[in-house]
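These protein sequence lines are chains P and W, in that order. Residues 30 to 342 in this note's numbering are what the first sequence spells out, letter by letter. Residues 760 to 1079 in this note's numbering are what the second sequence spells out, letter by letter.
No wet-lab data here; the hints were simulated from the structure. Only a predicted model underlies this, so the values are computations on that prediction, with no experimental measurement involved. Cβ atoms here follow ideal geometry from the backbone N, Cα and C, with glycine treated the same way. Careful, some of the hints might be misleading.
Said to hold, decoys possible - To spell it out: a stretch of chain P is covered by chain W in this simulated footprint if at least three of its residues, at any positions, have a beta carbon under 8 Å from a beta carbon of chain W; those stretches are: (1) 136-144; (2) 243-257.
Said to hold, decoys possible - Take a look, some chain P residues computed to stay more than 10 Å from chain W by CB distance: (3) Met-88; (4) Leu-161; (5) Gly-330.
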Amino acid sequence: MDLNSVTIALFLAAGVRMSVPVLLAALGELVSERAGVFTIGLEGLMLFGAVASAVGLAMTGSPVAALAIGMLGGTLAAVVLALGTVLARANQIVMGIGFNLLAMGVTSLIRQLVLGDTPPAGSLRSVTMMKLPWLSDLPVVGRALFSQSPVFYAAVLLAVALWLMFRFSRLGLLLRAAGENASALDAAGQPVLRLRFGAALFTGMLAGLGGAYLCIIASGGTFIDDMTAGRGYLAIAISIFARWLPLRTLLVAFALGLLEALQFQGQYLGIQIATPLLMATPFVVALVAWVVMGRVGAAPGDLGKPFLRGAGH
Amino acid sequence: MNVHQILAIAATTTLGLSSLANAADAPRVAALFTQTVTQGTWDSAGYAGFKAMADKDGFKPSYLENTSYEAAPAALRQLASDGVKLIVAHSSGYSAAIKEVAPSYPNTQFVLYSYEGSTANLPNYSAWSVDWDEYGFVLGALAAAASKSGHIAVISGEPIPSAERTIEFIKKGAAYVNPKVQVDSAYVGSFVDVARAKEIATGLIARGADFVIPSADTADAGVQQAADEEGVLTIGSYGDQSKAYPNSVMTSTVMNFRKSYADIGEDYAAGKLGNRIVTENLASNGWGLVMPFTHVDSNVQAKVTKVMDDLKAGNIKIEE
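The whole structure should be built from the sequences, with the hints applied where relevant.
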């Protein structure tokens, strides 16, 4: 195995890039879960964001506009999902699974109707790479952390902002209350459904951006049917494993990104682990996360429970 | 069975019911694809060949997309029960499903396109088997001929036996042209994950590979994007992709699906199908390369053409 500084920098950089889509979706998921809404439909929201961004790129030719349209696509899709899970009080698990299946079919149909077989020509450089002055010249970490997409920097800042919001702001307190004890919050005169609906839309926006990153930045503007390939479920596992804490979510997403990078970096670094085993590692970790968190029981008290005034919890 | 397959089978069943009144019409034919016929190159080009066959021979065609190997037996039974007379399965992975189902439907001819070692003496099973060893050998040879650094890489989908065998023959072909060539290989872990394929290819290019060979079906797009962005060479798969990646595609392999499917249709009409394997290779005009090459000197094309001519003439024994 040849472990030099270039190899390590490449490995870290790949880990960061692989982590960004799931980090964005996981940050969105933790907000809705903190507010009591279990967004199983995260995979579908990412798919809608991805296809919307591909359509946006085809229509505008601007990668920045494409990312924005991806966020919009995820948000609009989240409206549909939230109408069912928040306002109509449908079972969040069943609705989410159904939504994911629907998303696979609908996004494939949109691709066939709207998109061509090849991505539009034109540079995507404005969204794929932004070297931070001075920092990007640092050995190893310069290439790994400071020569990345601006979306990655935005995701890091967002994690910090969410941490501040949940810790210090009134909005953060209200969202947490909506997830911990919605009836008590309602009794205090606060709009539980509005808070949960807003949180669900925020989740859709971030999942949409995650899907857009996957399509525009990671895949060069090419939308492939079912291209999220389980990343939405992985993001849900990350938010749980991180115990709904934004900064921990950042670290867990990066750790899983490194594991995903290890799948292929390990192959040509000469790490003598069976390739199928390397490929399975992120999902094994996700499985462990689900099992461990099931035992810890640190979830928001009203997570997954539809709010019905007077029903109590 | 995913939602695509459920919808596709429902559509096929509906088609079948609607055509009951016309049972005496032209024979019904169907095709199975692992992915979609509107994306990528393998299934879309295969579908074009299938459609051309049906149009030319006056068959009534239908097809199933996104049909996994696990779902294939049920899909094949559904089609055969529904009166489809000729079913073409467009992937070697359908072999086991056909061998399982074909004995129960002697009035339906099953044909597999891609690779088959044995038709198990079934009178209603035939295969058009591409010589993937030869294909891999040529890919390796052309990549090694074009590489200036003597360092090439191949990115495959999943570590299945056919992929491992292709890599083996890519290495043989590369070594035939340049005995000192370094050939790196890696698996994406998926045939559709473009993002991961791109990431892997980018890493291999950073390690010095100046020619990357995609061998991961739909995920090939990621390898080609990486080559296009990093300024190294690559190859188009199964159809001319030079317009999609103009900065990096040196040439493309082109499967002659129209010829193969036309042969399948003609043999079906002539009653010649059943228990036979037809080998498609350079000599049979089953596949070839887009000429002229771009981004390289003419001597690279001359060198690769010589290898291909020698293979056709049997002057190179790639098994040795």
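Taking the hints in turn, this is what the structure says about them:
no.	hint	in the structure
1	136-144	holds (count 3)
2	243-257	holds (count 9)
3	Met-88	holds (19 Å)
4	Leu-161	holds (20 Å)
5	Gly-330	holds (34 Å)
In terms of the numbered hints stated before, the structure departs from none.
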